[in-house]
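S.K.: Here's the letter readout for the chains.
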Amino acid sequence: MNPDNFLYLSIILFAIGLIGIISRKNLFVIYMSIELMLSSVNLVLATFSRVHSEHDGAVIALLMIAVIAAEAAIFLALIVYLYKNTKTIDSEAFTQLSHKRGAK
Amino acid sequence: MLENSIFFILALFLVGGSIGMISFRQSVFSAISFLLAMIAMSGMFALLHFSFLFLAQILVSVGAVVVMSLLIIVSVNIKSENLPNDKLTLKRFTLSAILISPIVALLFYAINKTDLMFKEVNEEFGSLKLMGVDLFSNWALAFEIISILLLVALVGGIVISKRSSNYESR
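Sequence order for the protein chains is A and B.
Oh and the first sequence: position 97 is 97 in our numbering, straight run, nothing missing.
So our numbering is basically just the index in the second sequence, starting at one, shifted up by 1000.
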């Protein structure tokens, strides 16, 4: 086992998550891409924790898992709220904060 | 040798699951692919000798978060014709891949230059006891802040879903 492989893998996962956020309009997919990026950071933390034989990185990863859970609660509540009011999960439909709203 | 083959099988599941997650049109299939990827990620933690992190990943990320999102997706029940129009997806995939390839190449180069090795660790490493000792001696403040964050998220989730005012969409 080489630590480099773990780091390469986590970079690939982070890139896939970023591609998902940029290229999809479905709110659920955007949410899961954010979670994938957070999890890939977790993998980096665990790998470096193992390389240095210390527990600190793994403890940060454990706290990150709690942050992921909090993010999931808020994001899913928001998606349900937006879907109840607009009947869509297209991210381009939500433009209340956009300055272009009056133009179109 | 065995560890290497396990790593590559798990990596295959991780990358395959996440590519499936961003490319399926139906949200349910995306969520199931993501479930696969998260289970493979917990296997990675087990491979790195963190038994407690493996358990926490299975319990929280797989058992709570992904299953909750599956539940929400199923209960929202979006019809196929109401899904966002993702016709340009392949073009967008290519464009965004080109957009982020420089930073990925830079990070690959940086890792290639480093010289990291896994040291041998004893059986106790990564166990619940040692993780707990470190958590409550060095990271106690962070732990308390996270508990407040979870409380705020709990209250915020309830407040958001109770609101009745209408959101105007275009």
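To be clear, the hints were calculated from the coordinates, so they are not data collected in a lab.
A portion of the hints provided could be inaccurate.
[Stated by the list, open to error] Taking lysine-lysine and the BS3-like style, the derived pairs with C-alpha atoms no more than 27 angstroms apart in a straight line are: (1) 25(A) to 1113(B); (2) 1079(B) to 87(A); (3) 1091(B) to 25(A); (4) 25(A) to 1162(B); (5) 1113(B) to 87(A).
S.K.: Next, verify each hint and record whether it holds.
M.R.: Okay, the hints, checked on the actual structure:
1. 25(A) to 1113(B): Not satisfied, since the Cα-Cα distance of roughly 37 angstroms exceeds 27 angstroms.
2. 1079(B) to 87(A): 10 angstroms, holds
3. 1091(B) to 25(A): 14 angstroms, holds
4. 25(A) to 1162(B): OK: residue 25(A) and residue 1162(B) at ~25 angstroms, within 27 angstroms.
5. 1113(B) to 87(A): Status violated; Cα separation ~50 angstroms.
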